[in-house]
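A.B. asks: Sequence:
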Amino acid sequence: MMMENGYVRQEAGSGAVTARDFFGRTWQQKKVLDRLERNVQFRRDRAVSLGRSLEGVPVCHTRSQSPMEDAVIRVEEAERELDGAIDVLEEMKKECVRVIDRLPNPTEQTVLEQRYLEFQSWEEIANLMRYDRHSVQRVHRRAMEKIDQAGGIAA
Numbered sequence: 003m004m005m006e007n008g009y010v011r012q013e014a015g016s017g018a019v020t021a022r023d024f025f026g027r028t029w030q031q032k033k034v035l036d037r038l039e040r041n042v043q044f045r046r047d048r049a050v051s052l053g054r055s056l057e058g059v060p061v062c063h064t065r066s067q068s069p070m071e072d073a074v075i076r077v078e079e080a081e082r083e084l085d086g087a088i089d090v091l092e093e094m095k096k097e098c099v100r101v102i103d104r105l106p107n108p109t110e111q112t113v114l115e116q117r118y119l120e121f122q123s124w125e126e127i128a129n130l131m132r133y134d135r136h137s138v139q140r141v142h143r144r145a146m147e148k149i150d151q152a153g154g155i156a157a
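Take 3 as the starting number for the sequence shown in my numbering and just add one per residue.
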């Protein structure tokens, strides 16, 4: 696993990886996405407040770019970066679905889907399934062991 342009990328030709590492990458990418979403919102808020503060201010023709133009460019750059992270996460989730679908036990599938596709907490999964948190974690551990015993996940 490596970070590239702020995204989690899988190294080519690195052999099989454990289920924990594989699904952990998806969780990490979700954290990257959350950070980028906050950055986009910050940039948008900044541009709006800058627009308000510049109302009625005469345009300065000596600068090559106005503060508002700079703010809009930064928003667009942040949005492009966010779009890239979304694309990466969607591809990772597709891979997760392929791995999860190979498990024969629907309960194990549900736990992994909720954890790594919906990014639910242990408590949220337990409430959804009407299990206690420790039972959900036990089902999770068993599913991960089954994936690893089947040879892990091809990288």
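Incorrect hints may appear among the rest.
So the derived label-pair ranges between C-beta atoms look like this [claimed, not checked]:
1) Asp-103 to Arg-22: 30 to 40 Å
2) Gln-43 to Glu-125: 35 to 45 Å
3) Pro-108 to Lys-33: 34 to 44 Å
4) Glu-71 to Ala-152: 51 to 61 Å
5) Arg-22 to Phe-44: 55 to 65 Å
6) Leu-130 to Ala-18: 29 to 39 Å
7) Ala-156 to Val-50: 28 to 38 Å
By construction, these hints were calculated from the structure, which means they are not laboratory data.
Values in this document were obtained by computation on a predicted structure and should not be read as measured data.
Backbone N, C-alpha and C define an ideal beta-carbon position, used for all residues, glycine too.
A.B. asks: Now tell me if each hint is right for this structure.
C.D. replies: Evaluated hints:
1. Range check, Asp-103 to Arg-22: Cβ separation about 19 Å, and the 30 to 40 Å hint is violated.
2. At roughly 27 Å, the beta-carbon separation of Gln-43 and Glu-125 lies outside the given 35 to 45 Å, and the hint is violated.
3. The supplied range of 34 to 44 Å is broken by Pro-108 and Lys-33, whose beta-carbon atoms lie about 28 Å from each other.
4. Under the hint 51 to 61 Å, the C-beta atoms of Glu-71 and Ala-152, about 55 Å apart, fit the expected range.
5. A hinted range of 55 to 65 Å is violated for the C-beta pair Arg-22 and Phe-44, which are about 33 Å apart.
6. Between Leu-130 and Ala-18 the CB atoms are about 31 Å apart, so this pair conforms to the stated range of 29 to 39 Å.
7. A C-beta distance of roughly 47 Å is found between Ala-156 and Val-50, which places it outside the suggested range of 28 to 38 Å.
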